[in-house]
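Residue-level listing of the chains:
Number of protein chains: 2
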Amino acid sequence: IPLFRTSRCVCIKISDQPVNLKSLEKLEVIPASQSCPQVEIIATMKKNGEKRCLNTKSKAVKNILKSISKER
Amino acid sequence: IPLFRTSRCVCIKISDQPVNLKSLEKLEVIPASQSCPQVEIIATMKKNGEKRCLNTKSKAVKNILKSISKER
Chain A
666 IPLFRTSRCV CIKISDQPVN LKSLEKLEVI PASQSCPQVE IIATMKKNGE KRCLNTKSKA
726 VKNILKSISK ER
Chain B
666 IPLFRTSRCV CIKISDQPVN LKSLEKLEVI PASQSCPQVE IIATMKKNGE KRCLNTKSKA
726 VKNILKSISK ER
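From first to last, the protein sequence lines stand for chains A and B. Just so it is clear: in the first sequence, position 10 is 675 by my numbering, and no numbers are missing. Just so it is clear: in the second sequence, position 60 is 725 by my numbering, and no numbers are missing.
These are calculated hints, taken from the structure and not from any lab test. Everything numeric in this text was worked out from a predicted model, so none of it was measured. Hints should not be assumed to be uniformly reliable.
Copies of the same chain look alike in the list, so a pair counts if it works inside one copy or between any two.
[Stated by the list, open to error] Here are the simulated lysine-lysine pairs, DSS-like style, with alpha carbons at most 27 Å apart:
1) Lys722 with Lys735
2) Lys735 with Lys678
3) Lys722 with Lys678
4) Lys691 with Lys731
5) Lys711 with Lys687
Excised from the complex, chain A in its bound form:
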């Protein structure tokens, strides 16, 4: 029996590149849970379908979330 639960986070590397809402095909938000202690935000880019883990603490992400809740 393992003493420590293995982390099952989706994101290994977090991108700090700026992203903007218009360049995103979709955004997946996975709340913190028993399997991963932190919120994860995965952006799928329109251009090439590339998935990128975003820094939940970054200003860009905060702005994206804000603009989503503002848009109609």
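Position chain B relative to chain A; hints supplied.
Just chain B, lined up with the frame of chain A:
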């Protein structure tokens, strides 16, 4: 050639049931685009994997987005 582009939104019916972050497995946000004029938010429930389209204008959704950007 069709005169009007057919709407390709993911959500047909929007749920107004309250949801809370802890009951969600994940949240998908699809920004407005040429194929669908409004932002769509699809929640996957932890309990049964059920997918539910959320009302982007609802207070519950605004609160969820807010709590995500606040959490660590």
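Would you list, in rising numerical order, the hints stated earlier that this structure does not obey? The structure breaks none of the hints.
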